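Starting from the structure of chain R, add chains D, L and C where the hints point.
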Amino acid sequence: MRFGWTADQVALREAVRDLLASACPPSVVRAAWPGGDESSVEALWSALTGMGIPGAVGELGLDEVDLVSLLEETGYAAVPLPVVETAAVAAPLLAATGDPGGHLPGILAGRTRVAVAGGLVPYGRRATLVLHLDGPAAWLSTLDGAVDETTVDGSLAAVRVPKPSGEPLTEDAELVGLAADRLALGAAAQLVGLGRRMLDLTVGYVRERRQFGVPVGSFQAVKHHLADALVRLEFAAPAVYAAAWALAGRRPERGRDVSTAVLLATEAAREAARTAIQCHGAIGYTVEYDLHLYAKRAWAVAATCDTDAHLARVAEALDLKGAAA
Amino acid sequence: MRFGWTADQVALREAVRDLLASACPPSVVRAAWPGGDESSVEALWSALTGMGIPGAVGELGLDEVDLVSLLEETGYAAVPLPVVETAAVAAPLLAATGDPGGHLPGILAGRTRVAVAGGLVPYGRRATLVLHLDGPAAWLSTLDGAVDETTVDGSLAAVRVPKPSGEPLTEDAELVGLAADRLALGAAAQLVGLGRRMLDLTVGYVRERRQFGVPVGSFQAVKHHLADALVRLEFAAPAVYAAAWALAGRRPERGRDVSTAVLLATEAAREAARTAIQCHGAIGYTVEYDLHLYAKRAWAVAATCDTDAHLARVAEALDLKGAAA
Amino acid sequence: MTVDLTDTASEAAFRAEARAWLRANVPAQPLPSGDTREGFARHVDWERRLHEARWSAVSWPERYGGRDASLWEWLIFEEEYHAAGAPQRVTQNGIFLLAPTLFEFGTDGQRDRLLPRMAAAEDLWCQGWSEPEAGSDLAGIRSTAVRDEAAGGWRLSGQKTWTTRGAFCTHLFGLFRTDPAAARHRGLTYFLVPLDAPGVTVRGFGRLDGDEGFAEVFLSDVFVPDADVLGGVGEGWRVAMATTGSERGLTLRSPGRFLAAADRLVALARSRGSLAPRLRERAVRAWMGARAYHLYTLRDVDALLAGVPAGARSSMNKLFWSELDVDIHEAALEILGPEARVDAAWSRGFLFSLSGPIYAGTNEIQRTIVAERVLGLPRGGG
Amino acid sequence: MTVDLTDTASEAAFRAEARAWLRANVPAQPLPSGDTREGFARHVDWERRLHEARWSAVSWPERYGGRDASLWEWLIFEEEYHAAGAPQRVTQNGIFLLAPTLFEFGTDGQRDRLLPRMAAAEDLWCQGWSEPEAGSDLAGIRSTAVRDEAAGGWRLSGQKTWTTRGAFCTHLFGLFRTDPAAARHRGLTYFLVPLDAPGVTVRGFGRLDGDEGFAEVFLSDVFVPDADVLGGVGEGWRVAMATTGSERGLTLRSPGRFLAAADRLVALARSRGSLAPRLRERAVRAWMGARAYHLYTLRDVDALLAGVPAGARSSMNKLFWSELDVDIHEAALEILGPEARVDAAWSRGFLFSLSGPIYAGTNEIQRTIVAERVLGLPRGGG
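Residue numbers (our numbering), protein chains in the order written: chain R, 1 to 325; chain D, 1001 to 1325; chain L, 2001 to 2382; chain C, 3001 to 3382.
Take these hints with a grain of salt, some might be off.
Which chain L residues face chain C? A few, computed with CB under 8 Å, are given here [claimed, not checked]:
1. 2277
2. 2278
3. 2281
Since the hints were made in silico from the structure, they are not lab data.
Note that the coordinates shown come from a computational prediction; the quantities given were computed from them, not determined experimentally.
Beta carbons: idealized from backbone N, C-alpha and C, even for Gly.
Chain R extracted, bound-state conformation (with noise of 0.2 Å):
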C-alpha cells in the first residue's frame, strides 16, 4: 500500500499553484463577471495552456492521480474556464474516439475549449465546443444556437444549447461512462479546492478583525465552527484521491468511489461556505470582499452533482439497493 505523491506529482502542483496565484488572483475571477475585461481570463487560457494542460493527459501522459490535485488548485483559485472539461474529460475522450472531428490540434494549441452540458453549459460563452454526455452516448456540438442565461455565480458565463441531433461522437456507454465520471472527479477535485480557499480566506480574516477587544478568532465558536469545516475538507480530500486512482486504475470499484468522492466533496466544500461566510460576519456578505466569488463558484459546481443518483450507485456497491421501500 502506498498513498503519498510523487516528487513529479508534487512538483506539477506547486508549477500549477504558482501560476494560478499570478494568473488567476480574484481580480481575474471578478473579471470572468458580466462587464469584467474577459482578456485577463483569455490571458489565463494562455498560461495555462503554455503550461500543457488542456492537453496534459495526451501530451503530458498524466494519468487521473496526477492530474487530481492539479484540478483541486483550479478550484481553489476558481479558473472561470472549463479546465476539467476541456482536459479531463473532453481532450481523453476525443483521443479514444480517435477525434473524428480533428478537434484535438485546436485544444493542445489552446484555440479550442470544451464546456460540457449539464442542464446549463457553464462557461459555455467562452468554449467553441460543447460536449453532450446523455446515457450510452456523446454528442459534441458548437455553439450555435446558445442562449446567455444569468446565474448567481456570474463568472460561470453560462449558456443553454439546443439538444444535439445527428452523429453522435460515441456510442461506447464504457467511454462515456469513463468521461462522467471524470467529470464527477474534477468537480469533487474543485469543490475540495474551493473548499480550502473559502477556510484560508476566513482564517486569514478571522485572525485581524477584532471585536470585544480581541481578534474575532480567539472566540471558541469561531474556531469550532472553523475546526469542523476543516475536519470535513480534510475527510474528504482522501477519498477524491482514492477515486482517481480507482478511475486511473479502471478498477472495478471506480464507480462506487466515485460517487463517494462526489457526496463527501460536495458536503464539505457547502459547509465550508457556510462556515466561511457566518465566521466573516457582514463583510462576508459583501461582493466588494473576495469570499462570495468562491462560494457560489462551490454552489454552482455542487449544484452539478446529481445526490441521489451517486447514493444510488453506493447503495449498489454495497448491495443496499434492494432494501429501498
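Same frame as chain R, now just chains D, L and C:
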C-alpha cells in the same frame, strides 16, 4: 386565537409537578431498575391515583389539552409506570367501547394498570393488562405468557407477550386511531419533559463544575450546545400543545399535527440527551450520576415513534405523497 | 384563557377583509427587488397604497394611520400578506423596528411628528448601528455626538456601515457616543437623523445576493436638535436593545413569512413528478419547522398579552427563524438541482437567507445570550 | 512513492496469514464484555493466545514479542482483526498507549523489563490521568509525588478516577505533581505504578453502558522507585501528550474497527426486507464515513513514514472517528426501531460510542486544538 393555559390547567400542572418531585425523585426511578425496591414504585402509583390521574379523562373530565402538560411532567420525572398508557389511552378507549371487561373501576381505584404493546411492552411487568393497537382493531390481553426482556432503560420492566387472538376489544378504526394518536401525543409530551429534565440537570452541573479555573458553563462551546438544545425543545413544545388541541377537538388536521409533534419532540429529546451527556463530560457517562436515568428513558420513548410513518402522514397531509420517487 | 387556534368571528372578519384587499391589490407581477434603486421606488409606491387603505401599520392607533389591531390580528394580516405573495416591506426598519421603540421611549411630540409620515412612507428609515470597527460588538461604536449648547443640539461625526437600503432612505436612526469618557455601552445616545442634513454622505455598495442594498453613511459635523434624541442622553444602549429585540423577535419576523416560504417549498416539491424521498423529507421537515415557528410565536403573543416581556426569548426566536430560513431555501435549491445555479427567486432567497444568521447580532451572540439570560449560565469566558 | 491502495505481495501474504489464524482462533461466541470482572479474565486468556501466536503487538520488535511489522501491515492486521469479529483488546491501554510512549521516552531497561510482559498480557495496564477536579483540564492534577531521597524514589498520594478497567488491571501509568510550586502543567512527572503496591486502593464503578468498567484509584503514600519514572522528573506533561496523541489518533483507533462496524451496519440494513430510503441513505453515508476515515489514516501513515509527525492532526482524527462511531450506532438503532430498546450489541455499542466524544480530551478541546495548532487561530479567548 388563544394559546395559553387556564388557571386550572396551570394549577393542575403545578400540583402534579410537586407530587412527582416528592413521589418520583431519581431514587424512585432507580428503584424501578432490576433489583430495586418496587414498593416505592407502587407508592408512586398510589400517589398518582390519589390525585385521580388514572381516571382523569373520565372522572376529572380532562381533555388532551388539560392532560398534555401533566404528561410532560411525568416525562420530566421519568415515571416508571404506564401513566400515558393507562390514563390517556386505555381508560378513554375502554369508556368509549363500553368497557366490556369491566376494567374501568379497577383503573379508577388504582388496582389496574394497562400497558401498551409495540414490539416490547414497556412497564409490562408492572401492568395487569396489555392493550394491543393493531391497524383498525384493538385487543386487550392479560400478562399470561409474558417473557421478561432486558432493556437499556432498566426501569422499563419490559416484557414480550404473545399476539392476542380471539375477540377484539373494538374494530372501530376511528377509535383505535384515536387511541394510537393519544399514545403518540403522550410520547411526545414525555419526550419534551425528559428533554427539559436533562437540560436542567446539565445547567445545574456546568454552573458548578470548574475546569481551567472557571465554571465549565462559562465556555462558549458549552453555552452554545445548551442554547441549541433549548431552542429545539422550546420550539417542539408548542407543537405538542397544538397537537393536543387538535386531538381534543377531533379536528381533521389532528393526524398531521400529532405526527409533527412526535417528530419534533423526538429530535429535540435526542439532541438534549446528546448535549447533556457531552456537556457533563465523564460524570454523565456513569450510572452513579442521575443523568442516565432520563437519557435512557428518552431513547426508549423515542424508539417507539415510527418516524417513517409519521413523516409519511405529514407528507400526505401536504399532498406530497405522490411526489415520492 | 385557553387554547383555540381558530379565528374568532372578528378575527375571521379581519382576515377576510385583508385577504380580499390583498387579492385585489397585490401586483400580479413581482416588483423588482426593493433593495435596488429602481425597485425601491416601486416599493414606496406600493407602501403608499397600503397606507391609503390603512394596511401599512395595522397594529398602530388609528390617529397614526393604523387600525388599532390586536397582536393576533397583526399576525393574521402578516399571514395573509405573505401568503398573497405581496412585496417585501421596504418600510420595515421604520414601522417594525423604530416605531415600537418610539412607542416605548419616544415623547408624544416625537410620535405625533414621526409616526404618521412613517406609516405613509413619506419618511423612509434606515438603521445606523454597525460601524467598521463595531459589528457584532455594537458597544465598540466610535461615532461621536458633541454637544452644541448654543444651537440646542448635537453635532454628529463618524461612519456607519451595512446600512440596509441606506442609499434610498430619507432618515437614519442610530447610536452615537455622547460621552467619550464612558466605557463601551455607557455614554451612548440614540439619535434620529435626516439623511439630507448638511454633512451627511451616503455610498451604496453590493450584497451577496446581487442587490446594491447596503450603504455606508459618513457623517461630518451633522447638526441634530435635542428634539431628535430618542429616550434620553446616555440612554442609547437601553433604547437600542429594545430596537434589536424587535429585530430578532416576532416584530420583524412574523411567522407568516416563513409559512408562506414553506408552502412555496412544498408546492415546488409537489410540482416534481418524481422526487427522491430524501428531498420529500426535507420539504416535510422544513414545513414542520415553519409550523413550529408559527406555534411558538402564538405562545409568545399569549405571553406578551399576559404581560410577560419577551426579553432574551427574542434571541431564541432569531436563532430559530434564521436557521429555518436557510433550511427552507437550501431544500429548494436541492430540489432544483442544476437549475439552482440560475439567478432566480429561490437562489436569491437563499443568498438573502444567509444574512439571517449574521445580522441583528450573529447567531453566535444570540446563543450566548440564550445561555446566559435564559439558562442562567455564567457570563464571560469568551 | 505514489498511490497504490492494493496490498503488495508481502502485505497480501501477511493478510492471508492473519486471516487464516483469526478464522481458526476467534471464539465462535462473542466473549462477555471485557469491562466486567468475569469477561476481563476471559479476555486476558484470549490476549495470551494472541501473544503465543505473536499477534498481540505485531508492529513491535521481535525481541519484545512482536513481528517487526510495518505500519501498513499493522493496519492490515487491524482490519482483519475487526472484520473477524475478534474480541476487544483489554490490553490496549498498555500496548497501544503506554508502549509507544515507552518506545519514545523509555530507557532500554524499562523497555526490556516492561514490554515483553505487556505483550504477553502478564502486566495489565490502565491509565491514571483524570482526577475529580482534573478532567478535561488535565493540567489541574493535584495528586502528588514527594521525594524520598533515602529510598531512591517517590511517595505518591491522591485520587485518580474514570480509570477504564482499573479494577481488573495490575499496573497504572499516570501523572503526579512532583513540584507543587510549579504552575499547572509544569512540575508534573509520569509514573509507572503497580496496583498491588502498599497504599493503593481501587474501587470499581458503573458506566452508562452497564459495565462496571470504571475505577477510582486512591493512592496513599505509595512508594515508586526512580526506575519507574518515565521520561524524566518534571517532564510529565510532554510525555503524557505523546500518550494522549496515541489515544486520539491512529494508534488506538485504527480504521479496521470502524470499517467492520460500518460493514455490520450495512449488513443490518441489507437484512431488512423493506427499509425506508432515509435509513438506507444513513447506512450509505455511515459507510462512506468509515471509508473516508480509512483513506485519511492511509494518508497519515504515508506522511508518518515520510517523517511528518502527526502532531495536532491526531485531534482531527479523534473528532472524526468519535462522531463517526456515534453516527454508525445511531443509524443502526434507527434501523432497529422499537427493538433498539433491547440491551444488545448495537444498543451497548451506541452507549459506548457516546464516550468517544468525551474521553481522551473532549471534542470541544480537540476543536480548539485543531483551530489553534492546525489553522493557527489565536490562543485563549475561552
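Status of each hint after checking the structure:
At about 4 Å, the closest approach between the beta carbon of residue 2277(L) and any beta carbon in chain C falls short of 8 Å, and the interface hint on this residue holds. For residue 2278(L), the suggested interface contact is upheld, since its CB lies about 6 Å from the closest CB of chain C, less than 8 Å. With its C-beta approaching chain C no nearer than about 6 Å, residue 2281(L) sits inside the 8 Å limit, and its interface hint holds.
The structure is consistent with each of the numbered hints, conforming to all of them.
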